[in-house]
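Chemist: What follows is each chain in one-letter form.
There are 2 protein chains.
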Amino acid sequence: MTEKEYRIIEIKENIFADNNKDADALRQTLKEKGTFFLNIMSSPGSGKTTTLTQVIPRLAQKYKIGVMEADIDSDVDAATITAIGAKAIQLHTGGMCHLTAEMTRQGIEALEEDFDFLILENVGNLVCPAEFDTGSVKNLTILSVPEGDDKPLKYPLMYQVSHALVINKIDVAPYFDFDIEKCKANALMRNPDLDIIPISAKTGEGVDELCAWLEREIEAWKNS
Amino acid sequence: MTEKEYRIIEIKENIFADNNKDADALRQTLKEKGTFFLNIMSSPGSGKTTTLTQVIPRLAQKYKIGVMEADIDSDVDAATITAIGAKAIQLHTGGMCHLTAEMTRQGIEALEEDFDFLILENVGNLVCPAEFDTGSVKNLTILSVPEGDDKPLKYPLMYQVSHALVINKIDVAPYFDFDIEKCKANALMRNPDLDIIPISAKTGEGVDELCAWLEREIEAWKNS
Chain Y
9 MTEKEYRIIE IKENIFADNN KDADALRQTL KEKGTFFLNI MSSPGSGKTT TLTQVIPRLA
69 QKYKIGVMEA DIDSDVDAAT ITAIGAKAIQ LHTGGMCHLT AEMTRQGIEA LEEDFDFLIL
129 ENVGNLVCPA EFDTGSVKNL TILSVPEGDD KPLKYPLMYQ VSHALVINKI DVAPYFDFDI
189 EKCKANALMR NPDLDIIPIS AKTGEGVDEL CAWLEREIEA WKNS
Chain X
9 MTEKEYRIIE IKENIFADNN KDADALRQTL KEKGTFFLNI MSSPGSGKTT TLTQVIPRLA
69 QKYKIGVMEA DIDSDVDAAT ITAIGAKAIQ LHTGGMCHLT AEMTRQGIEA LEEDFDFLIL
129 ENVGNLVCPA EFDTGSVKNL TILSVPEGDD KPLKYPLMYQ VSHALVINKI DVAPYFDFDI
189 EKCKANALMR NPDLDIIPIS AKTGEGVDEL CAWLEREIEA WKNS
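Residue numbers (our numbering), protein chains in the order written: chain Y, 9 to 232; chain X, 9 to 232.
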């Protein structure tokens, strides 16, 4: 086996921590370093990693980007991100279904560099990750067309804590009973402030709009 | 609003419970009643409910079937199951990402009837539900084609605790980079005893094989 270009680290939860306090402290540290930190959450297989392989090359000229890939097991995602030339680290949660701010901090320290744009690809799960503030500046959730337009009804907290919703895999919409307007209405019912961006991470459709949203948020954070 | 044909109950976790003991006791009670209890787990949107709408009409002549639909919120699934004429109940977990055996017992009691074949549609989540024995006789997990063939690598425990894997949405396989043989190999690497059944819950392809598997398991349990 050849040496990997990314590290895999085991992160541990501190069950005595005050997560909200840790998250605020982490955000403050990142603010001082000029780092915009995005937490991406979704169901397994919604296309978090594929979306990143579209977004990163478009923004890499302008920003120094680092990616933390969180998973129960495996390192397929860190390998994918490293293959497109970005700095990535694989975080293994030891069976944990979510990341806390303290676990995120361990990941950031293990990256050993400062970034303009830091991305956490959270554990694929619509329930638990929504319950823990990771210290992110913004939360983005991805819903893919094959999952169905009713998902915002079933996982309300995920939509309430998110700032943007990416509707992914719109290229396969003709093959599924998916009503994009109904999906948007369901999502906005959960969170009227949600920015909704339909994309196909496979074909690249809509990715420019997503990058424009990200640039706006990164610049707003830097200038805040 | 018209009166609903199914109940919605709020179930609560008893954090002091010994879940494995509760699960064994529940299995014993169900055994005495001649009830086969199947726990279905998957990622959100894999097609648990749609699969049930195919399976239930095929087996309803032979078995009395009851369905527990577990969700954080909403009752769309119980409504769907009731619409096909089956007895269903909606369990709200109050934000919990999984069901324990005690929570399951509360659902079974609320159904207020005995069944030959009792089905729990667990919370859509590949992580937490795998960690708790619900008292089921068999566990079935569903992976849908759009989620990707690498998912068994990422969620090992789900595959280890499952007896069967349904690969759903095979009708859309031509539109995704999904290698069914690679998926099977990944799944069998996690659990060599897994029975793997490819289906399309939309077109009905493979559903007879799934029903045959279920009948075998139900009869084996009754005669054990």
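It should be emphasised that the hints constitute simulated quantities derived from the structure, not laboratory data.
Do not take every clue at face value.
What the hints assert, rightly or not - Estimated spans, in silico, between C-beta atoms of each pair:
#	chain 1	residue 1	chain 2	residue 2	range
1	X	ASP26	Y	GLU213	50 to 56 angstroms
2	Y	LYS39	X	ASP216	35 to 41 angstroms
3	X	LYS41	Y	GLY103	47 to 53 angstroms
4	X	ASP187	Y	ARG15	26 to 32 angstroms
5	Y	LYS29	X	GLU189	48 to 54 angstroms
6	Y	ASP201	X	ASP122	45 to 51 angstroms
7	Y	ASN28	X	ALA193	39 to 45 angstroms
8	X	GLU120	Y	SER232	52 to 58 angstroms
9	X	GLU121	Y	VAL84	41 to 47 angstroms
A quick note: this is a predicted structure, and the numbers were derived from the prediction, not measured.
Every residue gets a Cβ at the ideal spot worked out from N, C-alpha and C, and that includes glycine.
Chemist: Now look at each hint and say whether the structure bears it out.
Modeler: Here is what the structure says about each hint:
1. X/ASP26 - Y/GLU213: 50 to 56 angstroms: For X/ASP26 and Y/GLU213 the Cβ distance comes to about 52 angstroms; the hint holds.
2. Y/LYS39 - X/ASP216: 35 to 41 angstroms: violated (59 angstroms)
3. X/LYS41 - Y/GLY103: 47 to 53 angstroms: Given a distance of about 34 angstroms, which is not inside 47 to 53 angstroms, the answer is violated.
4. X/ASP187 - Y/ARG15: 26 to 32 angstroms: With a Cβ separation near 28 angstroms, X/ASP187 and Y/ARG15 satisfy 26 to 32 angstroms, so the hint holds.
5. Y/LYS29 - X/GLU189: 48 to 54 angstroms: holds (49 angstroms)
6. Y/ASP201 - X/ASP122: 45 to 51 angstroms: Hint holds: Cβ distance 48 angstroms, inside 45 to 51 angstroms.
7. Y/ASN28 - X/ALA193: 39 to 45 angstroms: holds (43 angstroms)
8. X/GLU120 - Y/SER232: 52 to 58 angstroms: holds (56 angstroms)
9. X/GLU121 - Y/VAL84: 41 to 47 angstroms: This hint holds: roughly 45 angstroms between Cβ atoms.
Checked against the numbered hints listed earlier, the structure breaks hints 2 and 3; every other hint is satisfied.
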